[in-house]
Amino acid sequence: MKQSLRSRILPLILLILGAAFILLPFVWMLSLSLKPQDEIFTTTISLLPSAIEWSNYTFALTETDIPLFLWNGLVMVTGILFFQILFAVPCAYALAQRRFAGRDVLFGLVVAALLVPFHVTAIPIFLGFAQIGILNTMWALILPFIQTAFGIFLFRQFFAQLPTDLFDAARGDGLSETAIVWRIAFPLALPASTAFAIFSVTAHWNDLFWPLIATTDPSLATPPRGILYFRDQESGDNVGPLMAAAVIVTAPLVVAFLLAQRKFIQGLAAGGLKG
Amino acid sequence: MATILELRNVTRSFDSKVVLDDVSITIEQGSFTALLGASGCGKSTSLRIMAGLDRPTSGEVLLGGSDVSEQTAYERNVAMVFQSYALYPHLTVAQNIALPLTMRHLTPVRRLPLVGAVMPGTGKARQTIMDKVHEAAEMLGLDQLLNSKPGQLSGGQKQRVALGRALVRDPSLFLLDEPLSNLDARLRVRMRSEISALHRKTGKAFVYVTHDQTEAMAMADQIVVMIGGKVAQSGPPRELYEHPANRAVAAFVGHNAINFLEPGDGIDMGESVVGLRPEDLAPSESGALLARLESAEYLGSEIVLSLRGAKGAEIRAIAPGDFAVPATGSEIRLGYAPEKLHLFDADTGFRRERAA
Numbered sequence: 001m002k003q004s005l006r007s008r009i010l011p012l013i014l015l016i017l018g019a020a021f022i023l024l025p026f027v028w029m030l031s032l033s034l035k036p037q038d039e040i041f042t043t044t045i046s047l048l049p050s051a052i053e054w055s056n057y058t059f060a061l062t063e064t065d066i067p068l069f070l071w072n073g074l075v076m077v078t079g080i081l082f083f084q085i086l087f088a089v090p091c092a093y094a095l096a097q098r099r100f101a102g103r104d105v106l107f108g109l110v111v112a113a114l115l116v117p118f119h120v121t122a123i124p125i126f127l128g129f130a131q132i133g134i135l136n137t138m139w140a141l142i143l144p145f146i147q148t149a150f151g152i153f154l155f156r157q158f159f160a161q162l163p164t165d166l167f168d169a170a171r172g173d174g175l176s177e178t179a180i181v182w183r184i185a186f187p188l189a190l191p192a193s194t195a196f197a198i199f200s201v202t203a204h205w206n207d208l209f210w211p212l213i214a215t216t217d218p219s220l221a222t223p224p225r226g227i228l229y230f231r232d233q234e235s236g237d238n239v240g241p242l243m244a245a246a247v248i249v250t251a252p253l254v255v256a257f258l259l260a261q262r263k264f265i266q267g268l269a270a271g272g273l274k275g
Numbered sequence: 001m002a003t004i005l006e007l008r009n010v011t012r013s014f015d016s017k018v019v020l021d022d023v024s025i026t027i028e029q030g031s032f033t034a035l036l037g038a039s040g041c042g043k044s045t046s047l048r049i050m051a052g053l054d055r056p057t058s059g060e061v062l063l064g065g066s067d068v069s070e071q072t073a074y075e076r077n078v079a080m081v082f083q084s085y086a087l088y089p090h091l092t093v094a095q096n097i098a099l100p101l102t103m104r105h106l107t108p109v110r111r112l113p114l115v116g117a118v119m120p121g122t123g124k125a126r127q128t129i130m131d132k133v134h135e136a137a138e139m140l141g142l143d144q145l146l147n148s149k150p151g152q153l154s155g156g157q158k159q160r161v162a163l164g165r166a167l168v169r170d171p172s173l174f175l176l177d178e179p180l181s182n183l184d185a186r187l188r189v190r191m192r193s194e195i196s197a198l199h200r201k202t203g204k205a206f207v208y209v210t211h212d213q214t215e216a217m218a219m220a221d222q223i224v225v226m227i228g229g230k231v232a233q234s235g236p237p238r239e240l241y242e243h244p245a246n247r248a249v250a251a252f253v254g255h256n257a258i259n260f261l262e263p264g265d266g267i268d269m270g271e272s273v274v275g276l277r278p279e280d281l282a283p284s285e286s287g288a289l290l291a292r293l294e295s296a297e298y299l300g301s302e303i304v305l306s307l308r309g310a311k312g313a314e315i316r317a318i319a320p321g322d323f324a325v326p327a328t329g330s331e332i333r334l335g336y337a338p339e340k341l342h343l344f345d346a347d348t349g350f351r352r353e354r355a356a
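For the protein sequence lines, the chains are A and B, in the order given. Going by our numbering, the letters in the first sequence line up with residues 1 to 275, in that order. Going by our numbering, the letters in the second sequence line up with residues 1 to 356, in that order.
Same shape as in the complex, but just chain B:
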């Protein structure tokens, strides 16, 4: 696959505060990349630098192989969707979607009211624009709303309009900045699949900023985990889940928070800290790990057990839904497959491969 966009050793500092520290990210043509990280980790700044709304302090931004550091967002022809949607409140849905095309296809004189309308060719250009708007609106199910103002729309509809505005421009790259975080949980799941569908339909590269690892895992084919202004790890979701490069990534990725067991907590692997995901740890008659039950959350398909290890470490395990939960305070044996253990250096937090 060809590379469409590349950040090469990008550093960005505001006054003396370093927000991005030597960040390198590669986006493949047609890929769906998620920039994942907690707030303040620099993921939005990375996106703004990709968009051309911000400039790196040092480093290069390559779009299609050429340096675009000095180009504006418009010249790069990348489309950005904002968390706040950033729809123009005084324009209708149709006008919102049409604006980027109006700016591209109509000269300043043609854009003028009255004067522009009587110039030959303006009507035809406007017709082309409206055709494209209708096409995008149909794709997103907005046909009925074209004459509404953004103030009359629901959150999900506003998000669709924002996507539509990005879509009509036929950009080389879509940049989405936490597009779903202002929606309620149910709508978020639906918009998630709609965005995935849009990605497949357009075949363009998407870069998606989120702090929600579920979104990243569900949608992306490449996840870039950012921590403290640096790229902690990047790779396919499975790679991140199965081989986290360090403790922080292991803690960030995965639906259930991973257990960390210090030496002496029950699983001894030399000096290393042991990471073990709750879903890889279940009650078992012959289990090697002994822990005291503190509470159990029944979720139907599974039961989340909170336990204490020998030295007081908090351990979470997942039992099948039909597991008979013993009384709180009783000792439970937990079993795991040895290959599911992740070892991390106690000092640096980096992953250690086991000597097989």
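One chain only, chain A, in its complex shape:
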């Protein structure tokens, strides 16, 4: 018992240090967002505010466009996720459980597509969207991401592990291939869906690159894009509300992850991608 305790201390210390290192900016952000204005620019460093100051939050939520940015972000990530699942799940099912000529080549292409960073295709997509005139719309934020090689890959790995008998039984029960996808395969892939949803939502909620390129209309700004406007407006001297806004923008993801943590890890493990 003593032996095992001692052997666990070193890894524990390292983990705590690592966690502290990663968490420090967040803790600092949280701390600043709760400090009164005069306390933020003192020369001494104190992690805890002398008094909890909620006015930063009130200011961020009422005097700025943060609620609109949050709403835009929500619409965008929901739209992206909806279309991603709509397309990725049937594709993955076909790649995993159907036999057709060129299946392996097709799957090879999906894996190859995993290696192409979005930034490579961003300029052609931008030019194309400019041609058809949908820049500066919500569609410009959603459409580039509705096909997802990562999603297809993740779901395919999951479906490939499901027994073929299950799908044969469903065919015998009179389900069409489409019905099998949505009534049998998709509900069973819930852990994989959760993992994928977290990846997708996190990536697109936090994305600054594409919203910065594709939209200039402030009423379409997503949270990270919005915070930029915010900083410009306030010229950096209103740090308290800025930090409060950052907390508000970060919080939904952290909360969602904590709630779905177990499903998330299950999905990754089941998807053969042990994290």
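Hints are computed from structural coordinates only; laboratory data are not their basis. Every residue gets a Cβ at the ideal spot worked out from N, C-alpha and C, and that includes glycine. Nothing false has been slipped in among the hints.
Okay, the calculated bits of chain B under chain A, using three or more residues with CB under 8 Å as the criterion: (1) 66 to 77; (2) 95 to 105.
Pair by pair, the computed Cβ-Cβ distance ranges are: (3) A:55 - B:108: 50 to 60 Å; (4) A:71 - B:17: 51 to 61 Å; (5) A:74 - B:11: 54 to 64 Å; (6) A:261 - B:200: 51 to 61 Å.
Chain A is already provided as a structure; the job is to place chain B on it using the hints.
Okay, now just chain B, sitting in the frame of chain A:
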């Protein structure tokens, strides 16, 4: 009896590997047919072709007299029970059993949540479905489990749910792919009689794939023995046991492995190999066959004797339970009735009828 299903000269090959080679099988209305064979003999492929889950490379599949080669499993209305049960893990027992009916009786729009529920007639259709589900569940003793998920069930219960799902569809034919092989020995015997009872109750034709000759003998009225992708012999169990068409069938059928005696092993019938079942061979004062005792297994009702023949051939015989086993190594005389001998051609292995 009318023929319900017929495979006619069916060949199936995967790439260059021939899995089924010119297989013809006839299933009579209301019969219980067992496809018996070792793993890899093509029995499951035959079943999948009957079900419509696989297509023959050449040959015909006739259901009720018409060619159904191009029809799907659903269009054929045959029910298949899988070795792995293949229950939908995310649905309850009731939903599992109801699914085939839901697909048949409710249009796609009616199946939608919310929208379907408010359409007139959906409630009535759902009620009909649930009545049928309850009926099937009662028949199989599943009434208490209707709201459980498959993960909470034991192997035997899962098997019953799989049977229930097949049953509610009122199919023209039941196809069962090694349904008992995932159960423990005791449960297997019980499910065996339950499946037989189900067969009698429904009166439908059952096709049952198994590698266990005991199951086949106990349940079937027709056994099709498959070896290496071909039908080696088909017929009633008694026919297969008493008149095996070749050595391989004789070796496969029968609880105790049959003895094969080459010429010179003690029973000389010309050039033929002699097949003699252990249960037809017993110690006897006046027996014609002399063999040396190697070991004896006492099983209560009987004693299984392992012996060596004159030329070293392994011979097994069965003595009654009260037989006084002599010391190992002693010579024993064994007797048999001449009509119990099976003769096989030494080269081809085919059965030879004795010139009486």
